[in-house]
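Q: Residue numbers (the numbering used here), protein chains in the order written: chain F, 1 to 377; chain U, 1 to 413.
Just so you know, these hints were derived from the structure itself, not from any lab. Just so we're clear, the structure is a prediction, and the values are computed from it rather than from any experiment. Hints are supplied without guarantee of correctness; some may be wrong.
As the list claims (entries may be wrong) - Dumping the calculated SDA-like pairs for lysine to any residue here, alpha-carbon to alpha-carbon at most 25 angstroms: (1) U:K362 / F:S167; (2) U:K332 / U:K356; (3) U:K269 / F:V116; (4) F:K79 / F:F293; (5) U:K161 / F:R164; (6) F:K255 / U:K295; (7) U:K313 / F:S167; (8) U:K115 / U:K161; (9) F:K255 / U:K362; (10) U:K271 / F:G218; (11) F:K109 / U:E347; (12) U:K356 / U:N299; (13) F:K109 / U:S272; (14) F:K109 / U:D397; (15) F:K180 / U:S290; (16) F:K109 / U:S394; (17) U:K298 / F:R164; (18) U:K250 / U:S394; (19) U:K295 / F:E169; (20) F:K109 / U:H103; (21) U:K115 / U:N128; (22) U:K97 / F:R164; (23) F:K359 / F:R164; (24) F:K109 / U:K332; (25) U:K269 / F:F293; (26) F:K109 / U:K271; (27) F:K180 / U:T383.
Said to hold, decoys possible - What follows is a set of in silico ranges between Cβ atoms, one per label pair, in the way DEER data are often shown: (28) U:A317 / F:F166: 24 to 32 angstroms; (29) F:N298 / U:I14: 26 to 34 angstroms; (30) F:Y336 / U:K161: 51 to 59 angstroms; (31) U:T124 / F:I340: 51 to 59 angstroms; (32) F:P149 / U:Q336: 18 to 26 angstroms.
Heads up, the beta-carbon is just placed ideally off N, CA and C, and yes, glycines get one too.
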Amino acid sequence: MNYSKIGTIEGICLIVIIIFNHIVLNLPQSITDSCGSSSVLNVLYISFFMFLLVLLIIRLFKNFQTQDILDIAEYLGGKFLKYAVGITFSLFLIFTFSTLLRNFSEILKIVYFPYVPMGFIVVLFLIVVVVINTFGKKTVIKANAIITPIIALSLFITFLLVGRSFSFERILPILGYGVKETFLTGLSNLFAFNGICYLFFIMPYLENKGDFKKIGIGSVVIISIFLVLAIGSLLLTFPFVKFTEALSPVYLIIKTAKFGTFIQRPEALFVLTWILSLLSYLSVGLMFLLIIFKKLTNVAHERAMAPCFATLIYIAAWIPSGMADIRFFESTLYKYSSLIFLFGIFIPILLLANIKYKKKHPKNMVSEGGDGNEKLS
Amino acid sequence: MKNSLKTAILAFLILLGFSLSFFGAFNAKNIDNLAYVVALGLDVGETNNLKLSLQIAIPSDSSSMSGSEQSSDSIVNSVECSSIESGITLFNSYISKQIDLSHCKVIVFSEKLAKLGISEYLYTLMNNIQVQSEANIMVCKEDCSTFLKNSKPLLEKMSAKYYEIALNSSEYTGYTANITLGTFFSDYTDTFQEASAILASVNTQNTQDLEATQGSTNGNLDGNYTAGETPIESKSNIENMGLAVFRDDKMVGELTGMETLCQLLLQNKMKSATITIPSPFEDDKIIDLSITLNKRTKNTVKIVNGSPYITSKIVLAARILSMDKNSDNLDKESIQKIEEYANQYLESNLLSFLYKTAKDFKADSVGFGKYAVHHFLTWDSWTNYDWLANYENSFFDVEVDTKVKSGYLLMES
């Protein structure tokens, strides 16, 4: 069966849109908080580390070329492990989307709509996301492939515009808070590559299985470039003690950027692209939630569940009582849950499944689990 | 495949339409409900913590009705209040329009308030969504209300436009600098340097008589004025000249026009300027030079026995402006003499400026800290050294290399 599926560009866009949204909010801030002036060095270091890790993931998926992590979990530990992984990851996604949505809505409210009820902004986002998901996965993926380059360009222009304010000495002292903080505890900043978690779910939808390698490597390279640009811009423009409590560091950067005397408020234009970015991110996120739900329940029409998940995200968005809670959720809960999923669940499952596979098939390298192809609808 | 692309484009358009709908869809405010502030002044209050002065733009159709003494396109009002926000609330209830700071071009602190400390006001302004980080920061020598009332654009009709372009003169005089709220706040929070603000004052005959007491050793006064002292025969108006230097959040001193030029030279921010040096050929004569930076200024900092040793090498290109019938300035030997005199003149001014910042102000207004930080590997070692406190122990060495290229139209008379 050969269906029209996800290509390389679409796959990369699915992963990098996650990071773009976190870059616009407080990802750069979380990293600079932990490493100080050595943040750029730390990002280069974790990028290299992540690159090696993605090569490992690509290698480990070679025996499971038609399966996602839920299929592999089932192969390794039966239905129980599949359900455990699926449900916990779904909860993590709901928590992540709700926190990010709330964070962005808070910023929109503060900056542009001080008199509009928060619930109204949140609901507007979710309605659009549900409508987009009713068109189907292919639509979400292709729309995301249109939007992601626009966001990439807007971020790139933002960083370029503040170039005149750069003071390269701000990356000094080169070791920031210290060697340990940069290279050892700084490894926890691998959470910045959280989008790689989605790599574990896209294998069955790939048009060409060889694209998996390109998507993995391409995503890491693009994420690394934008992380370096975002953190570099922030660090080189402001004293890093300044923005420890900034609403959105990238918003702060764009407020500083100048387009001459003709355009004095460039931030409005960029906020437009960031709204698009959040919508695309939430659409992709809801799509993955529906994919997982379908895998776990085998329902025929999973799209009907989109409003239910949107409602769950809406309810979860009210858990943080204010920006302080949102910051705590993002800088602590999100950070460590991402690391737990990536290093504590997905990679160990993949490793153990490979060991099991090799024990079962000492020389046979044929893929397990039928054709495993999933049709995008 | 075609259908999926169509649906994707439809989805994209829905997303874009939704994003666009955010712009103004819920915004009930419009220009009739808002009062736009073009300048905001903060002063020490007499009956309360703060005296807040606002220069508010008058919409063009009603500007002709204004009979106030300030420029006709705006009014200046003041209120004694406990904080900026409470003052704005009092204004809101008084003028029946909502004060909007998004077009505020200038934030003025009175010298009195600046000497007491402005930290809380800086953070409040930075926290305000409407205030732009591009707004200029000024310190005025008199109370802010008087200062704003005397802000009468000479060659501009609109106060906002006047404030916007008034500081462009720093690009060709070097006697002041274009310092914004963003850069001021950045310098204030930085560990590399201290902040400085634009020094401004109302220039009247009284301020000229009172304050024009300084003079350079060679009798050249032109660059040695600070704001309000320049002997200009004109109606009272505001003047930006020199800088106000801060240590932490408190103003500790003033820089004259020439000292400001020195700071800009050391910071690589000087675009072009005119300096007046004693003539090497005739006593009591002077030569005017137009200078630009020929290369980036090279600053280095070494830590010698715990004290900073700061060296600067400035390379300038100069053109001779002043000519008279006896001028014979452009043969090789004469040019060499002029270059030597220019170098000596600038070196002595630069050293005097640097020791003034280190010994009198104890404030690194140039930002040499960013050259010193190379010697430290970790943030802890840098903060433990405490550059800003150690700056007062600095000693300096300055080398100026001026290359006189020629005159302009006349080569020699």
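Q: For every hint, state whether the structure bears it out.
A: A quick look at each hint next to the structure:
1. U:K362 / F:S167: holds (23 angstroms)
2. U:K332 / U:K356: violated (36 angstroms)
3. U:K269 / F:V116: The given pair, whose Cα atoms are some 44 angstroms apart, is violated under the 25 angstroms limit.
4. F:K79 / F:F293: holds (14 angstroms)
5. U:K161 / F:R164: Since the Cα atoms of U:K161 and F:R164 sit roughly 24 angstroms apart, the hinted pair holds (cutoff 25 angstroms).
6. F:K255 / U:K295: Roughly 31 angstroms between the alpha carbons, so the hint for F:K255 and U:K295 is violated.
7. U:K313 / F:S167: holds (19 angstroms)
8. U:K115 / U:K161: violated (29 angstroms)
9. F:K255 / U:K362: violated (32 angstroms)
10. U:K271 / F:G218: violated (44 angstroms)
11. F:K109 / U:E347: violated (54 angstroms)
12. U:K356 / U:N299: holds (18 angstroms)
13. F:K109 / U:S272: Between F:K109 and U:S272 the Cα gap is close to 45 angstroms, so the pair fails against 25 angstroms, i.e. violated.
14. F:K109 / U:D397: This hinted pair is violated, its Cα atoms lying about 53 angstroms apart.
15. F:K180 / U:S290: With a Cα-Cα distance of about 53 angstroms, the restraint between F:K180 and U:S290 is violated, given a limit of 25 angstroms.
16. F:K109 / U:S394: violated (49 angstroms)
17. U:K298 / F:R164: Answer holds: U:K298 to F:R164 is near 19 angstroms, not above 25 angstroms.
18. U:K250 / U:S394: Holds, at about 21 angstroms.
19. U:K295 / F:E169: Holds, at roughly 19 angstroms.
20. F:K109 / U:H103: holds (20 angstroms)
21. U:K115 / U:N128: holds (23 angstroms)
22. U:K97 / F:R164: The hint is violated at about 38 angstroms.
23. F:K359 / F:R164: violated (59 angstroms)
24. F:K109 / U:K332: With a Cα-Cα distance of about 68 angstroms, the restraint between F:K109 and U:K332 is violated, given a limit of 25 angstroms.
25. U:K269 / F:F293: violated (60 angstroms)
26. F:K109 / U:K271: Roughly 42 angstroms between the alpha carbons, so the hint for F:K109 and U:K271 is violated.
27. F:K180 / U:T383: holds (18 angstroms)
28. U:A317 / F:F166: 24 to 32 angstroms: holds (26 angstroms)
29. F:N298 / U:I14: 26 to 34 angstroms: holds (30 angstroms)
30. F:Y336 / U:K161: 51 to 59 angstroms: holds (53 angstroms)
31. U:T124 / F:I340: 51 to 59 angstroms: Given range 51 to 59 angstroms: violated, Cβ gap about 41 angstroms.
32. F:P149 / U:Q336: 18 to 26 angstroms: Given about 59 angstroms between the Cβ atoms, the range is violated.
In the structure shown, a violation is registered for the earlier hints numbered 2, 3, 6, 8, 9, 10, 11, 13, 14, 15, 16, 22, 23, 24, 25, 26, 31 and 32, in ascending order.
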